[in-house]
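Asks: For reference, the chains in residue letters:
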Amino acid sequence: MTECSNGEIRDLLPDLLHQRLDAAERARVEQHVAMCNACSEELALLRDLCSTIRRAPAIDAAAIVAAIPAYRAPVRRSWGGWRAAAAIAAVAIGGTSITLVNREHAVAPSIPIASGPRAESTTVGTIDPRVMPSPSRQTSPNVVPPPTPSAPVAQAVADGAEPAALAVTAGALGDLSDRELSTLLDEIESLDALPSEDVEGASSLAGSISLENAR
Amino acid sequence: MTDVALSTDERTDLDLIARWKAGDQRAATLLVERHAAALARFASSVGAKSDVDEVVQDTFVRAFASIDSFRGESSLRTWLFTIARRLLLDRRRSERRRGEQVEVQDSDVSTEYDALDAVVADETQQRLMKAMAKLTPTQREVFTLRVGEGMSYKEIAESVDTTEGAARVHYHNAMRAIKEFLDD
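Top line first, the protein sequences correspond to chains V and C. This note's numbering puts the first residue of the first sequence at 2, with every later residue one more than the last. This note's numbering puts the first residue of the second sequence at 29, with every later residue one more than the last.
In isolation and in its complexed conformation, chain C is listed as follows (with noise of 0.2 Å):
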């Protein structure tokens, strides 16, 4: 693994977040605009529909507001992730509770991926995504952090509240069931 390079974005990330400590505004765009688009392909990944937007910037601003909890741990991305999808989840229960459908349903493949379904017109692409929405919510959670972000399984433990072992195991099962969808 390169870790080389993952060490030179973390202590990017580090080096913006103590430039914005001291008033430097243009780091935090720097810093939204590294991490943003891929917190927004987990959201919509992982069940966020018109609400990407909202998500993202939520999970910025919850970041920023308590950014001397970060300390270094993990990366700069894999807490955000942690944050994004601990929004999420608020979401869905504060959905469930409100009585709206938010469970990830395999019936509800047509509208899980609204928010991806403007930008994806490619008919294999689509094929993809139908094949994605088969999957578990934590199968997709899994797989969107492993071959979308390139996250190592210790990364997307963190993030997503597991095991290593227990992410590997989503991520081939996962990987699995996309082969099975796809021979149909």
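Pulled out of the complex, with its shape left as it was, chain V reads as follows (with noise of 0.2 Å):
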């Protein structure tokens, strides 16, 4: 079968089939078919696979039109409803700064490392009610204040980080020097103990109940 060189006719026979050409276009398509034997019959064959593709199985129309579900107009939210849901997400990323800001508060006067052999033998990041501090209550520079768990405190006296330089007496932090109180500022900087993964849950968190609100 041989194939005529005028691409941009052929590309329009399927158009011609379909009666898909406006006047002008079909006129000029079919003049050129008339005398073009390989369009011609590229025509004829365009025909029968046409023919061929739409012998399709037939359709229960009404058996798709049962199954069809009735029409619900899409539920359309006020502004009110998205103020009242930014207002939510607000909430909540407020609050979680200010619990993340209250815990770094809280990690900082309650460091449990005391230097000195009974230092070796204290669990750090055991809580012991009967040991557990109070504003009043004044310990020895080698008693080991009751601990708060810290984690990253824990890890670093494990890792042999150096005790004179973590050492802080348990009270009140009005009880510390301005150098030691700088000492341990620094020491927590560097111990990295604000959990990364409780700042991106909460960003989360935030993220989800604004997008839930904003359905």
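Derived from the structure by calculation, the hints contain no laboratory data. Even glycine gets a Cβ: it sits at the ideal position worked out from N, Cα and C. You may find that some hints are simply not true.
Once the Cα atoms are required to be at most 20 Å apart in a straight line, the calculated SDA-like pairs of lysine to any residue come out as [claimed, not checked]: (1) C/Lys-182 x C/Lys-77; (2) C/Lys-182 x V/His-19; (3) C/Lys-77 x C/Arg-196; (4) C/Lys-77 x V/Arg-55; (5) C/Lys-77 x V/Asp-61; (6) C/Lys-162 x V/Leu-47; (7) C/Lys-207 x V/Cys-37; (8) C/Lys-162 x C/Arg-196.
Coverage of chain C stretches by chain V, computed from C-beta distances (three or more under 8 Å per stretch; other residues unrestricted) [said to hold, decoys possible]: (9) 43-55; (10) 87-95.
Two chains, each in its own frame: build the complex with the hints.
Replies: Here it is, written out as structure tokens:
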């Protein structure tokens, strides 16, 4: 089967077959086909192929219609709804931030690390209610104060962090000298005590709340 | 191209959609009757076997369930073909996960057109079907829509998620392959 070199006309043969050409274009293509054996043959082949393709299995339209659900208009959320969602998201984010800030502050005064031999025998990170600190309680430098669980600090000690650098006696922060306080803060910063997972979790929580309300 | 006729079809579809939204179930019937046969042809031509009915029904159910996402940027039929094609792809993937043979292979010609075999007894048409079965899946999709439905390359590109240029190349390659098969 030969092929006409006029690609433009061949491109339009399916449109001629389906009567999708305007009058002028149709006349032009038909005129070409009348003089071109290759295009005439191709048009006949297309007609047979179309006939073959269009012989499809019968479809039960009634069964399809019966399966179609009734129309439900989409629920449009008012601007008030969006504002409420935004407010909830803001509260969630703000609350999470406050919690994190408080947690950061809570870590600083409760790091229960002491230097000296007794520190080695103390399990850091175990809470013993009998020795829980109170603001009025004074402890000796060698007494390990009741620890608040702090995995990073425990890890630092376990990793052989310099005890002297981390040495902090328990008690109010006001009891510390400026130098001790400065040392403590430096060490806390170097420990990366803020769990990043919590921050991510908080943001994703806020995001999910926002999305949930946006729906 | 007779865009006027096409626009009339599109207007009719949009009018029927509006009537169905307003509660006219007869409009849904008319929409199904207007497009079901074309969808069945497409589904059976591009690989659906005994599940042509299911594919067509699922296509309409999905389309009507999400009719508000149809914005009339393409014709309703083009949109329906897009949904049907995605359903067919999903079915192929799930069948593949189940370990069934789903890829359209050249050696699969004898089973590829089961749905059409029952209704096409003519020897010439059987030969044409075998010629089309030699095409790649994409060539067959494009060729079916171009020759069977008379869709423009633009509409085909939207339906099969390709470009107009690629659709044109697929069509001409398919036509050449069919001629070569018939000449052998």
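Asks: The structure should be examined with respect to each hint, and the outcome stated for every one.
Replies: Status of each hint after checking the structure:
This hinted pair does not check out: C/Lys-182 and C/Lys-77 have alpha carbons roughly 28 Å apart, beyond 20 Å. For a cut-off of 20 Å, the pair hint linking C/Lys-182 to V/His-19 stands: about 16 Å separates their Cα positions. Simply put, C/Lys-77 and C/Arg-196 have alpha-carbon atoms about 27 Å apart, too far for the 20 Å limit, and the pair is violated. Note on C/Lys-77 and V/Arg-55: the hinted pairing holds, with a Cα-Cα distance of about 16 Å set against a maximum of 20 Å.
The suggested pairing of C/Lys-77 with V/Asp-61 holds, with an alpha-carbon distance near 16 Å, which does not exceed 20 Å. Restraint check for C/Lys-162 and V/Leu-47: the C-alpha separation of about 17 Å stays at or below 20 Å, so the hint holds. Taken as a hint, the C/Lys-207 and V/Cys-37 pair is honoured in the structure, with Cα atoms around 17 Å apart against an allowance of 20 Å. With a C-alpha separation of about 18 Å, the suggested pairing of C/Lys-162 with C/Arg-196 holds against the 20 Å cut-off.
With 4 residues bearing a CB less than 8 Å from a CB of chain V, the segment 43-55 of chain C meets the requirement of three and the coverage assertion stands. Three residues within the 8 Å Cβ limit are the bar, and the segment 87-95 of chain C against chain V gives 5, so the coverage statement holds.
The structure shown violates the earlier hints numbered 1 and 3.
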